[in-house]
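Based on the provided sequences and hints, a complete structural model is requested.
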Amino acid sequence: MSGEAGDLRARQPKAIHSALTVLEEVARCGAGVTARQVSDNLALPRATTYRLLNLLVQDEYLVRMPDLRGFALGRKVAELAKLVAPSRPPEAVRLIVTDLRERIRGGVHLVRYDRDGLAVIDPDPDFPPTLAAAGSRPLHESAMGRLLLAEQRSPAVTEVQELGFARQFDAVSPGSGCLAVPIRDRDGTLVAALCLAAPRARIEQPGEHLVLLRQAALTLAPLLA
Amino acid sequence: MHKSALERAIENPQPVAGIQSRSPVDGLDRRSVGFIDVLSQSVSAVAPSAAATTMPLLVATVAGGATVWALGAAMLLALLVATTVNQFTRRIAATGSLYTFVAHGLGTTASFVTGTALLIGYGFVAMFALGGAGYYLAILAARLWPALTGSLSVPVFLILAMAAACLVLLARGIRVSTRATVLVECVSVVIILALVVALLVVQGPALDWSVLDMSGVRPSDFAVGAALALTAFVGFESSATLGVEARRPYATIPRAVTWTVIGSGVLYLLAALSQLVGFASVGGSITASASPVNDLAAAYGIDALGLLLDVSIAASFLACAIASITALVRVLFSMGREGLLPSAFGQSHRRHRTPFVAIVVTVPVLTAGLIGTILVTGSVWRAMEIFIVGAAGGYIAAYVLACVAAPVFLWRIGELTPWPLVRAGVAAVLLSAVLVVYMAVESGSARFAGVWVFLAVMLLGTVFAVIRRVRRPWLRDTVGIYDVPVSADVLGTALAEDRAAP
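Protein sequences, first through last, are from chains A and B.
Under this note's numbering, think of the first position of the first sequence as -19, with each following residue one higher.
Under this note's numbering, think of the first position of the second sequence as -7, with each following residue one higher.
Just so you know, not all the hints are guaranteed correct.
Claimed, not checked - Straight line, CA to CA, 20 Å or less: simulated EDC-like cross-link-like pairs of lysine to aspartate or glutamate:
#1 A:K56 <-> B:E(-1)
#2 A:K56 <-> B:D481
#3 A:K56 <-> A:E82
Source of the hints: derived by calculation from the structure; they are not laboratory data.
Just so we're clear, the structure is a prediction, and the values are computed from it rather than from any experiment.
In structure tokens:
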């Protein structure tokens, strides 16, 4: 297996590898990084770096910023992003979630589960999910992730079975937490979840909010399954 | 799980500051023409088929046995200039071509000089080519109706008709005009190539290679020959004026510039070789001939080809006129947007998305200038000679400034490396020498008027621009506009817009 991977790498032209490294470095440094900075950060020869950057600009993976010095990720990357970005849920679903947001104080996100894991398909525009909550961290650190772990019968998250929902405090940012109410199809398979991000106290005593979330989850189930 | 920076950027695009939703050169048909259109712009501005029939004679007159070598040297120098100009075209997409580029290397004053030189180059070549098309069509008309021979009103009438056609084509849209020129240019190049092949085939395997013999050629003759030959390449950079309208401009424009030089260079070498070999084997001399290809065709008994040749040269000239005016109006458009010229020049047609006002002003002015010069000199050919000398001077002066500006620009944006510096330096020195040699040679020839007209217009244009700059000090901040990425081109702003859409 490792031999195969090594073989593959050995056959790839070094230039492609370098070009991707340059692209990655622009992504890492953020918009406005200059050619010289990229060259210094990667310890690549100047002329090579400049040639690769100009090639990536030609193919529109990068754009040259209006100051002519800096670079940013371009339209081609945006097109790739559209391919992998989760598709927007239907309007019937968005109306229900919007209605819920008007009645609940806190961030309400709709999450979809599939074979590849989880994806936030309708983030709260007023309280955008943080990177960590949106699934870039280990699953057990977010409520939406813990729901998925419970579905996979992980021993770490037994309370989800008892409560009927998943929750988490302080893991993402101190003093706040989130809870995730499952949305299941008729067979009981987990297809989606409604997540509430709010101060820790409201997650500990969700009260009325939990009722609203559960009602909405039941309404959404036939639309998402 | 470790995620790469690229994955994170795609998942959660960060907003990018300083990206507007419209470009400062908004109004043209942005990102609408492909590589073929961009290439045809440069090729047509060079007019290789017209140059391939006339240039070998001009070079042979001064360089003798070194003709082919001088053409080769000119091609190498043109390539050197092309790669230096491409330092800009890979980084800036603009409509002002070298005028805009120099502004980013050497500042506004040098940019005004370049702009004037470039406008002379494009404008004079446009008049030269329009005159040439009229001249060759008039010869054709005289062949068909001998009664028309020698009349000056025939070419003048033809020029007026063609100018009207140019006006309509240019105003209708960039795609219409580049498609028209590519068709015209392809036809004429095919005809020229057919002639070259026919000459070489008739010649058979026993080619007379003595035409490449350099012995007995003085170095100064070689230098003058190369300087003259370089004028056959000027115009190759004109696709840089399509920076806004080209799709993937940072890829297509540098490619078009380089391949125009290589393609036309190979055509010139083939044409020169076939003409020299042809004359050597019939025992004549190319320099004794007024129209070498016609004479050769007659000598080999393919007289009918002469007719075809006149059509193809006229077509090539017409394409050259269209391409040169296309480039010229885009430089004027840029100057109008910046405030150097009245802002009307920066207006575009709402439906056709072309620099409409600049076109409507330019075409009549050029036509009037051409016809006026024809009437004053009393001959179309004499007028053409004045224009071509002025145009070559304008182009080469603009190239010199661009070659000086390129390393400064690269240094300013922190991307200077040794090789571009060396290439730009060598090109600048050689080009300056060519400019001086060319001007010296021409001022001693029958075409001396062209040199004086060139110098006078250069002076007038530069003085106008400098006065304008004193009156409008803010020009320092506006000159050099170029196309900047708009929000749809950048990740982050592009996705944000997408989500905001209903």
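Open item on the list: Against the 20 Å threshold, does the CA-CA distance of K56 of chain A and D481 of chain B hold or violate the hint?
Closed with: holds, 8 Å
Task: Straight-line alpha-carbon gap K56 of chain A to E(-1) of chain B, limit 20 Å - done: Satisfied, since the Cα-Cα distance of roughly 14 Å is no more than 20 Å.
Open item on the list: Given the hinted pair K56 of chain A and E82 of chain A, is their Cα-Cα distance within 20 Å?
Closed with: violated, 37 Å
The structure shown violates just one earlier hint, number 3.
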